[in-house]
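Chain order of the listed sequences is A and B. The C-terminal position of the first sequence is numbered 158 in my numbering, with every residue numbered one higher than the one before it. The C-terminal position of the second sequence is numbered 300 in my numbering, with every residue numbered one higher than the one before it.
None of these hints come from the bench; they were simulated from the model.
No farther apart than 25 angstroms at their CA atoms in a straight line, the calculated lysine-lysine pairs in the DSS-like style are these:
1) A:Lys92 / A:Lys108
2) A:Lys71 / A:Lys123
3) A:Lys83 / A:Lys108
4) B:Lys108 / B:Lys44
5) A:Lys92 / A:Lys81
6) A:Lys81 / A:Lys123
7) A:Lys114 / B:Lys44
8) A:Lys123 / A:Lys108
9) A:Lys114 / B:Lys108
10) B:Lys108 / A:Lys92
11) A:Lys92 / A:Lys114
12) A:Lys108 / B:Lys44
13) B:Lys108 / A:Lys108
14) A:Lys71 / A:Lys81
15) A:Lys71 / A:Lys108
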Amino acid sequence: MTATQQPRFGLSAAVDVAVLLAVLICLAACDGFPADPEATTERVTHSGTLRSGIVAAPGSEESLARGFVEKLAAAAGAEAKVKRGSAELLLKDLEQGGLDVVIGAFAKESPWRKRVALSPPLKAQEPPGDLPVLRAAVRSGENRWLLFVARHLAQGRE
Amino acid sequence: MKSVPSQLESDLRRAVRLEWWTIAWQLSIVGLLALVLGSSQAMKTAWIEDLLGLVPAFVFLTAIHFERKTPNAKFPFGYDRVNSLAFLVSASTLVIMGGYLLFDSAGKLLAGEHPTLGPVTLLGQQVWIGWLMAAALAYSVVPPLILGRKKLPIARRLSDKVLHTDALMQKADWMTGLAGVCGVFGVGFGFWWADSAAAMVIAFDIVRDGLRSLRIATAELTDGAPRALDSDEIAEDAATLRDALARRYPEGEVRLRETGRYIRADIHGATAPPAEPDLAALWPGDPERAWRFESLSFTP
Chain A
1 MTATQQPRFG LSAAVDVAVL LAVLICLAAC DGFPADPEAT TERVTHSGTL
51 RSGIVAAPGS EESLARGFVE KLAAAAGAEA KVKRGSAELL LKDLEQGGLD
101 VVIGAFAKES PWRKRVALSP PLKAQEPPGD LPVLRAAVRS GENRWLLFVA
151 RHLAQGRE
Chain B
1 MKSVPSQLES DLRRAVRLEW WTIAWQLSIV GLLALVLGSS QAMKTAWIED
51 LLGLVPAFVF LTAIHFERKT PNAKFPFGYD RVNSLAFLVS ASTLVIMGGY
101 LLFDSAGKLL AGEHPTLGPV TLLGQQVWIG WLMAAALAYS VVPPLILGRK
151 KLPIARRLSD KVLHTDALMQ KADWMTGLAG VCGVFGVGFG FWWADSAAAM
201 VIAFDIVRDG LRSLRIATAE LTDGAPRALD SDEIAEDAAT LRDALARRYP
251 EGEVRLRETG RYIRADIHGA TAPPAEPDLA ALWPGDPERA WRFESLSFTP
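Excised from the complex, chain B in its bound form (with noise of 0.2 angstroms):
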């Protein structure tokens, strides 16, 4: 019974491949890094960072696999949650590993270690690493601005929280570039300082993207009313809802909240009326976008 509306086909298609395309080039990304690392606690916080960014790609394609998934007797209302919570964890392992790393770059700038970054031997040359270091920060940026950009549209038209923080996640991937090839270059001139404070900064980037992940999740898991993609608010959409919704139903008080992408709506302290509501025809948004409303139930 439960699949996806027909209208997000193409769009849901779209992301998926955009998916594996990102677990793909951040893999290449992760490997690139992981060859030139050396002790630069800069470049460490950066490939973890490049490492975890594999995170929201995963739970992405995990739950639009569970998404089209019929309910059955054990799932009767089906497995539009599951992307919150797997959400919730991944956020999770944001906070805490952004947490460790900026604690392990502190402690490194508060002891005074001086980073080693030493020659390597390219095409018979000895060649500084630092080089090779700002070569390889400088081309895992370009992937995810891309691929950012791209998704940002279509997390917006799937009402999509995964889809919608992994683009923003991306889409900030420069600044991480760029902090690293700082810390590498201040260490070049001779700011031994340098590397551990890019640390610390990309490190505060990755708890600052859980602790976002981690509210939309908790609010979506508490049955919170829906939100907006971009920001703690309710979505407007959803509030034009409720508004709708009362006027039709002024006996009883109307609640909202939010599976997934769909909105699943409950008079409470009214009896259902006799003639079943058309869904469609009470969303009083587009009419393209009515998908959103999934269900409406009265509780007396």
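Chain A extracted, bound-state conformation (with noise of 0.2 angstroms):
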């Protein structure tokens, strides 16, 4: 083998990847990580309002996304101001920024988990096949946001 052809991954540029990696890990160990690219969590937590949508539903649904919200906006810092509508409405408005956080009964193959992301059923386990069941929808893409989200559900049904 001639010099020219030395191998292109030689142990240096091991190391060189290593402390690459390294200091990617140490940036990320960061508080604010993951981020929202659009800020979201940021917002609720600066302007003290959550922006809230509920999808219209039977009595004793209704009242359990109510409570969630409020348990939300105040695990948040801030005030929930609620939306009530349909849910093609308020998904929409969720995509374009308008609300924070929309509480529907969601199947978790919907169609809609294309477009916004979808949490994990607010109450008990996933249910037996591809029932609808409540869940919070958040705008795709706002990691930190589900994160919060998510950990407060948790700590909900513990």
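Fit the two chains together into the complex; they arrive one by one in their own frames, and the hints show the way.
This is the structure we're talking about:
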């Protein structure tokens, strides 16, 4: 093998990559990771308002949804502003950034999951089959906010 | 009649064993990545690349199986070129899949799709799935790197193009892993475009692998002169052989072609000498590698 055919991946390159990865991980370990590309979490905590939507549903479900929204707002140090309406209207609003969270009955494989991010069920475990159950929907890609909602959800279930 | 030269046996056995290990490790990677795919385009692309990484291993094992078969009435020249055929098919797969993924990722980038990397429950804790993705990607880099480095010298000794391409693809796998990790962490830092951008880098790498394999397979299937393992140039030992034969038979034109790992020579415009030539004696290079010279024919 001639000098020009040196292996492209030497030990020094391995060290470089390891250092780069270590730097990435250290940076990531800081507060605020993962971040929201559209800064939902920041907006909710700074403005003190949680703009939420509740999909119109039978009484008991709606009171559960309302209770969840209020607890979520309190956890974020904000006040809940609730808008009631049909799923289609509320989710569109959520997608465009007009709302921070929408509570409604969605199936795990709902076609909406391509356009918004759905949380695990509000109560109990995943239902058998693909039945719609109450879930929180947040704007797609708002990963910090989704993590916050899911953690709050998990605490509520304990 | 046809059998693999005895001095290649141990290397061949080692190569076969390495390819079975490749399949086993690669399957473990594919399985692990499938668990944490989520909706990340970069992860999906890395996963497909790892799935496609199985192809060269299968091509190599199939080709070896056929290479050991004896020529018969229907295939009088044997099966040395099965590997080129299989290689052509797998190269086309790489190009098509890579092209599709490139298109798909570019579409997501243009549409401004924000990938959702949500939480997963791990040991009762809500953990960001990005951490698991990064860990899985880091794991996916290690076995190919080791296997690729082990295969490279064997591929050179065996003059095996499939094994060589496989080794190069595996050695370059760390770049895919790193691109994937950058995509996932990029999303973590709030750059939604990092995911599709990383996916495009990986898809581009798949296309590049495919085109390289396509060039090599085409050269052999169109009776091109034997090529070097790592470039499109004519192989050094083939060039030396051509010159030696040209000196020995100045009345004809020397034509070389390659079937699998073997070189076949044809002296065009010359009649066969009365005494049968000794191929090993005609081989100008290292006698250890005289097995490369498989046949010599004369066409008046």
